[in-house]
Structure formats: structure tokens, C-alpha cells
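Trainee: Sequences are here, hints too, so could you generate the full structure?
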Amino acid sequence: GAGVSQSPRYKVAKRGQDVALRCDPISGHVSLFWYQQALGQGPEFLTYFQNEAQLDKSGLPSDRFFAERPEGSVSTLKIQRTQQEDSAVYLCASSLSPISNQPQHFGDGTRLSIL
Amino acid sequence: KNQVEQSPQSLIILEGKNCTLQCNYTVSPFSNLRWYKQDTGRGPVSLTIMTFSENTKSNGRYTATLDADTKQSSLHITASQLSDSASYICVVSAGTSGTYKYIFGTGTRLKVLA
Numbered sequence: 107g108a109g110v111s112q113s114p115r116y117k118v119a120k121r122g123q124d125v126a127l128r129c130d131p132i133s134g135h136v137s138l139f140w141y142q143q144a145l146g147q148g149p150e151f152l153t154y155f156q157n158e159a160q161l162d163k164s165g166l167p168s169d170r171f172f173a174e175r176p177e178g179s180v181s182t183l184k185i186q187r188t189q190q191e192d193s194a195v196y197l198c199a200s201s202l203s204p205i206s207n208q209p210q211h212f213g214d215g216t217r218l219s220i221l
Numbered sequence: 070k071n072q073v074e075q076s077p078q079s080l081i082i083l084e085g086k087n088c089t090l091q092c093n094y095t096v097s098p099f100s101n102l103r104w105y106k107q108d109t110g111r112g113p114v115s116l117t118i119m120t121f122s123e124n125t126k127s128n129g130r131y132t133a134t135l136d137a138d139t140k141q142s143s144l145h146i147t148a149s150q151l152s153d154s155a156s157y158i159c160v161v162s163a164g165t166s167g168t169y170k171y172i173f174g175t176g177t178r179l180k181v182l183a
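Protein chains in written order, with this note's numbering: chain A, 107 to 221; chain B, 70 to 183.
Distance condition first, Cα-Cα at most 30 Å in a straight line; then the derived DSS-like pairs of lysine-lysine:
#1 B:K170 - A:K184
#2 B:K170 - B:K70
#3 A:K163 - B:K70
#4 B:K180 - A:K117
#5 A:K120 - A:K184
#6 A:K184 - A:K117
#7 B:K70 - A:K184
#8 B:K126 - B:K170
#9 B:K140 - A:K163
#10 B:K170 - A:K117
#11 B:K170 - A:K163
Far from chain B by the CB rule (all over 12 Å, computed), these chain A residues:
#12 K117
#13 K120
#14 S133
#15 G134
#16 F172
#17 V180
#18 T182
#19 L221
Residues on chain A that point at chain B, a partial pick, calculated with CB under 7 Å:
#20 Q147
#21 P149
#22 L197
#23 N207
#24 P209
#25 F212
#26 D214
#27 G215
No lab work stands behind these hints: they were computed from the structure. The model shown is predicted, which means the values in this text are computed figures rather than measured ones. Where a beta carbon is used, it is the ideal one built from N, C-alpha and C, also for glycine.
Mentor: So this is what it looks like as C-alpha cells:
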């Protein structure tokens, strides 16, 4: 497709369940970012991939969060043993290259609600 | 600590009026500054990207300014339209070649009324 695609758009899970969120970046984009956005706040950085390499995971809030991009295209963010504080919108963004002035293209996010 | 602060937190204006949103940052080393528009339930969309040497950049009715000395930026919206109702987020990129951090402000919520 022409843009970044995220699925599912909405996810409801019970506390303690595992969830997996998918991101399809724009074809050929080297850089891929995951962000967490709480209601009324700006996105907060979670992790960054350059191709298949996870170069920065300093924003992952706990070891329950895990991200991968095994073939350098599609990425999955997994959250294990979900907690209520994990409820947020999870945004994925891609950019053509790691050069600093490249625009980031965002998906519309996955809204995760933990009951 | 790298921070990006935006003001006002929210703003209501009448259709056709102009408005200016502010962004102050303490980010080092500075790489570039971006403004995004985020409609409710959608991902942010890039409006402008400015590097250290640029002090103004326009995108249609949107004009961004950057004062790297005072570490301030503004986004001016001219002749507002109902479709301008959204959150506007200022993002500063910090880092050197190959490794960047993007620090997001909390956004200004703009509501344009008919």
C-alpha cells in the first residue's frame, strides 16, 4: 500500500493476556519506529529498527515488551502479561533512511484497551 | 534532560482567523525540528521539517519559524478552516549521524468553529 498500515486498529484484551501488534511500513523504508501514545499526550518512543537490526530499545517500559522485524520489513510489537497501564495507542512510523531530515510516515495506530 | 514544551495546551478560534502555536525546546545536540498535525484517531502527518540553518518554512497555509538561538519555534496557521481542527505536535530530533532520538511535545489541541 501507499502508507504505513497497522493492525488490528482496535484490540481489547483481559489483564494478563499476551497481545501482538503488527506494522507494515512503506515498502523500501529502512527505518521503523514504535511509539506509545497515552490519551491527550504526545507519542513516546519505544524502539527503533534499521532494517532488521533493533538499534535502540531504550524506550520499552519493561521486559514484557518485545519487538521484532525479522526480514527488515513487517514489524511486530508483542506485549506479554498485559497490565491496565499498557492501555494506549501504539503508533508505528517508517522513514526512507536514517538520514536525519527524512520525514516519518505514521500509521493510524492500534488502540489497545486492557480490561 | 531533553524536553519539548508546547503552548497553549488548547485553543479555540473562529473559522477564517489566524493563530500561532508555540514550541520551546531544550534538546542537544539539535538536529532538526518538525511540526505534525494529528487528527483524532489518526497518526501524525508531517507539516514541516527545519534544520538548524532554516528559520522559516511554509506548507500552504502553515508557516513554521525556528529561532535556534532562543530554542523556540512557532507554527502560524493562516485563514483557518474547520479541517484544521486537530492536535499539532512539535518534535525535535536530537543526535548525530546515524542515531537519532525524536522528542515529542504533548501537542496543542486546536478547535476551529464555524
